[in-house]
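Undergrad: Line by line, the protein sequences are chains A and B.
One point on numbering: in my numbering, the residue at position 299 of the first sequence is 299, and numbering is uninterrupted.
One point on numbering: in my numbering, the residue at position 249 of the second sequence is 249, and numbering is uninterrupted.
Note that these hints are calculated values from the structure, not bench results.
It is possible that part of the hints are untrue.
[To be verified] For lysine-lysine, the following DSS-like pairs were computed, each having C-alpha atoms within a straight-line distance of at most 30 Å: (1) B:226 to A:353; (2) B:218 to A:353; (3) B:290 to B:547; (4) A:353 to B:245; (5) B:245 to A:55; (6) A:322 to B:88; (7) B:289 to B:547; (8) B:278 to B:621; (9) B:8 to B:70; (10) A:303 to B:95; (11) B:226 to A:55; (12) A:303 to B:88; (13) A:322 to B:95; (14) A:303 to B:87.
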Amino acid sequence: MNEAYVTKNEREVILNVGPQHPATHGVLRYVVKLDGERIVSSDPQVGFLHRGIEKLAEYMTYNQFNPYTDRLDYLASMNNNLAYVMAVEKLLGISDKIPPRAQYIRVIMAELGRIASHLVWLATHALDIGAMTVFLYCFREREYIIDMFEMACGNRLTYNYIRIGGVARDLPDGFLDRLKEFTKLFYGKVKEYHQLLSKNRIWLKRTKGVGYISKEDAINYGIAGPCTRGSGVDWDLRRDMPYLVYPELNFEIPVYDEGDVYARYLVRMEEMVQSNRILEQCAENIPDGDVMVDEPQYVWEPKERVMTHNYALMKHFVKVVKGFKAPPGEVYFGAENPKGELGFYIYSTGEGKPYRLKIRAPSFINISAMPKMVEGGLIADIISVIGSLDFVFGECDR
Amino acid sequence: MADAVKIKINGKEYEAEKSESILQVARRNGVYIPAICYSDRFGAIGACRICAVEIVGMKKPMLSCAMKVKDGMEIFTDSEKVQEFRKKIVYEWDKFHPLQCGVCDKSGECDLQDINYELNITENPSEEAADPLTVPDRSIHYEWRIIHHDANLCIQCRRCVTICDRVVNFGILALVKKDWGGREIDTKDGKPLECEFCGQCVSICPTGAMSSKLFKYKARPWELAKVRTTCQFCASGCQMDLNIKDNAILRVTSEDNTPNRANLCNLGRFNYSVVSRKNLIEHPTSNGKKVSLEKAIKEAVDILKSCKSDEIAAISGARETVEEQLTLKLFVENALSSKNLDSFASTHIGKLYRVLPEGIEPFNAVSDMEECDVIFAFGGDVANEMPRLDWQITRNVKLLKQSKLITAYWRDAKIDTLGSVALRYMPGEEVEFLNSLFGALANSLGVKSSVKGSLEIPEDGVKLLSEAKKVALIVGEEALERPYGEEVAKALANILMLLGEKVKLYASSKYNNSYGVLFSGVADGFDTFGRRKEQSFSLYELPNLVKEGKVKSVLLLNADLFTVYSDEDARAILDGASVIYIDSYLTQTAEHARVVIPSAPFSMVNGHYVNIEGRFNSVAKALEGDFKPASEILLEISNQYGYSIPTGVIKDAISKASFELEGVNKEFNNVESKGFEFGDGLKGVLVYSKFRSGIFSSFGDGASIAMNEPVVEVNPEDAEENGLENGGYATVEGLSALKLKVKVDEKMPKGVISVPLWFYGYNGYNLSGSLNNLFSAKLLKGE
Ligand code: SF4
Ligand code: SF4
Ligand code: SF4
Ligand code: FES
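Construct the complete structure from the given sequences, taking the supplied hints into account.
TA: This is the structure:
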């Protein structure tokens, strides 16, 4: 049994934080063993939001499963769509056939998603520590992005737009103008956040030197994304295992060595700026053209063909009812998501549905490093560490 | 392996047997070759050509379904050449195919759709020739019953023709030349379809060309949830899937891997609507008035308590689950302490299994019939009594060509069209015939016995039987249901004993769980697990016992009295005794019984049926309903009676799922030479229809559309003598009279007429008297 559950002497107290607790960011039950205010050991309990999503995938065609990925990290639905869809495309062997315009759109959505997700992180992280104003600022800018998502796909939550083979439809008129407007304005906004927090004494006290994890431990625990980059690990899939048009774009990967909550804070703050740079470039360089690959075996054919050619109609029914038949084999694809590496592993036996689908959920893995980060710290550190790990239970519990 | 060869498929080596086709070897090893006309149910046709493969050294692609493997053969299953070849075939199919997937019933499970997808057809060089929006100009057979054929959707794979011919052995379909120059699937004579309406053609058609009218436009295949269960219409125990949507059965399908090889007959496939609400008893009644369930149960308990234990009798209709039968058994024996328990199974198989000789295996798998080089079908029209046996016989004789068929009956029946050694007797002569056969057989086998009969048995039959390595002995229900059925059974037992180990016994039964009755010990002379016990009460005595006032209360579980008794006797029981009736269907018995308690029908109850093979097949609850299973009702009655039925005992018995039924007779029986004394009129016989199994079955659409009224079958000469015409009406006189439609059939022997059983409102037993299927008949011109 985990030692967090067994007291060794009468000084030790076991305390349950959550699963119903506003600062646990969802349904985390965090068990801590305390000696006074000091944390002796601790254990995160997950699974309260388990919906069996991986199992559900085995009963769905590849297209049917796409919207389910929205419900993983629901703060970055399109990033999840992207990671999933790219894994399927890898399985189908059509990854390099995705039209450039679709690739650019995907990058736009992914980076907007990253900013939107980081904004929620910052808002709630600050709120947990007592800074209410930041929350309001962040949600103001996030609204801008959500409006854009709504323009593209009609949804403000569980926005689902990226499809196997491309994206659902071309960007609506006016979208790129909105995007340009946003990118112009956003740099100033990030500065505002910095002014509110980065030199704030309370903020520094609650974050500096708190929740430390060494570079070595960060690697050993397999944590990913901004969390590792705050411990000096210079690793970002967009640059190091590139996909889509990222190699054509200029951006930097912020890395800090301190390994504490503050370092992770700075990484994300700067990531927002870098994302904004990417967006600027995309808005400038996006080419015209198709947004869906021409692979009638795997994607819907245009309605006009389906309604006039019997073979197209017949195939359409097969694709809808039974699902397209992916070649047998196994693939893994991981994307750099706001929370870290979101990976999909698919095992196909050649049927219309995956035989097995496994999700590498960064939230789940990042939580596992938490006991290490809080050990020996104060009980209040838990709150700031939770904020700095930025996990979402839709993804963690799956 | 005896004739082992080695072949290479796509560069990999496989072992195979000479007799196998390339397709079979490939499938066995998980190598995929598309095949549309081929089916394991009937083998290769060679019509669709889609299964073509490349064989090294051969110029043209060869059909893998028809081509047998040869040593050293090198095969490629999806080389570019064959893919091109296959594509060309699909282009042809697509050329005239209407753009109808949107409204087609097959859409979503259509082989044509699948093959188009699989070959990724993205063009069609000949599509200019026909605009798929305007093509439908071929025949659509709206006039056919139950089955709908749309020739526009047909790809002429001939699966329907083949299954009708090689599996069903009916052979009414063909590719027929039409005025427009091409060919279409149609009946051979061009008349509207008049057949067994089994829908095997629907089940095998790869496209929507053959479809079920009963299912048409009701649902899309992907909306249906499939629930595997066992057919409720005969003791074959066919495995089938109820296709459910919105708590209703919309169609019935079956899979190739079932013991019945996806085959179903008219009743199994189309008669599912029998469980629709209008056919079910809606609420409990007492003296014809609607009461609550509690009240009805209380009434039942009061009635039973007011009688002495030997004044109570209980009868099972052999349709309920084994669970329900065991509950009945425990209730009657322990709570009521009554020995008066019997079942409809006693009218036929009960008689035979009571005298089963020692050492004879009581149950055999139907597919094991394939081990038999001789099939001997006695005493009934097997095809009508149990279609599954008919398919197996057809498979043995026509498809695999490995068995000879001997039929012993009073007329030529369907299975005789397979080519048989026909041994004939007249109705009423069954015992005499069996004794004669026994004598001849004993003689040829050199066994000494005094049993002899007076009939001449053709030598070829005797020779075949005595030289056979394995004999499948099929016993018709009809012969055992003769009033002298016990003697028939004894005579059969003698023959079984004579043939000894080389015989495989199959005794047909129209009642789906008549074998469960033997297991649960509800039939007279049987105890639980099919153990033998003293006979104590027979349903044959019931009418008299009631009339004499010896039985005052009768508990009926699914036992519709009109299924086995004449109207007169059934009414005598219903009027003379307090009848408690537990059943699901609105039968005549339900209309007159003193207390009626509705129980959950098939598809709303879980349990088991035991089939002719002694197999415990599960029956699944597929529909929600507010009905209680009969077992729960009986538990409740029993509780109020002061006895709580040990349900654990029932569970244990069923989890054992094996019989302890052993043959007892060690010596040849003395058989009384009993028969039936016909008057000087015609010989009347009650027979089974393929479209009925109990009167309740007539409530379903499949059965009633296929055959909505009974027909009296008459020999042409008899018809002429009595001035009757085919399709006209005649009054048949026996003990009473029935007006029936006439079917003139030259296969009927002269002087014999037959009347089918179990049509609502036409009780055949009114002609012959209860529990009897022979009568002296007169025919009068009707109208
Ligand atoms: S038969 Fe098949 S291809 Fe033709 S309309 Fe029906 S579903 Fe479509
Ligand atoms: S009706 Fe169906 S089974 Fe018969 S030939 Fe046409 S496509 Fe084949
Ligand atoms: S009635 Fe008998 S033969 Fe027909 S489907 Fe049912 S079990 Fe099979
Ligand atoms: S499957 Fe071989 S020809 Fe049709």
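Undergrad: Each hint needs a verdict: does it hold in this structure or not?
TA: These are the hints, each one checked on the structure:
Taking the CA atoms of residue 226 of chain B and residue 353 of chain A, the gap is near 19 Å; set against the 30 Å cutoff, the hint holds. Taking the CA atoms of residue 218 of chain B and residue 353 of chain A, the gap is about 27 Å. The hint holds against a cut of 30 Å. The hinted pair formed by residue 290 of chain B and residue 547 of chain B meets the criterion: a straight-line CA distance of about 28 Å does not exceed 30 Å. This hinted pair checks out: residue 353 of chain A and residue 245 of chain B have alpha carbons roughly 23 Å apart, not beyond 30 Å.
Of the pairs offered as hints, the one joining residue 245 of chain B and residue 55 of chain A holds, with about 24 Å between alpha carbons and a cut-off of 30 Å not exceeded. Our distance criterion of 30 Å between C-alpha atoms is met by residue 322 of chain A and residue 88 of chain B, whose separation comes to about 24 Å. Proximity of residue 289 of chain B to residue 547 of chain B is assessed by CA-CA distance (about 25 Å); at most 30 Å being required, the pair is judged to hold. Proximity of residue 278 of chain B to residue 621 of chain B is assessed by CA-CA distance (about 19 Å); at most 30 Å being required, the pair is judged to hold.
Between the alpha carbons of residue 8 of chain B and residue 70 of chain B the distance comes to roughly 10 Å, so the proposed pair stays at or under 30 Å and holds. Of the pairs offered as hints, the one joining residue 303 of chain A and residue 95 of chain B holds, with about 20 Å between alpha carbons and a cut-off of 30 Å not exceeded. A threshold of 30 Å between alpha carbons decides the hint, and for residue 226 of chain B with residue 55 of chain A the separation of about 21 Å falls inside it, so the pair holds. This hinted pair checks out: residue 303 of chain A and residue 88 of chain B have alpha carbons roughly 25 Å apart, not beyond 30 Å.
Pair hint residue 322 of chain A plus residue 95 of chain B holds up; C-alpha atoms about 24 Å apart against a cutoff of 30 Å. For the given pair, residue 303 of chain A sits about 23 Å from residue 87 of chain B by alpha-carbon distance, which is consistent with the 30 Å threshold.
Every hint, counting from the list given before, is met by this structure.
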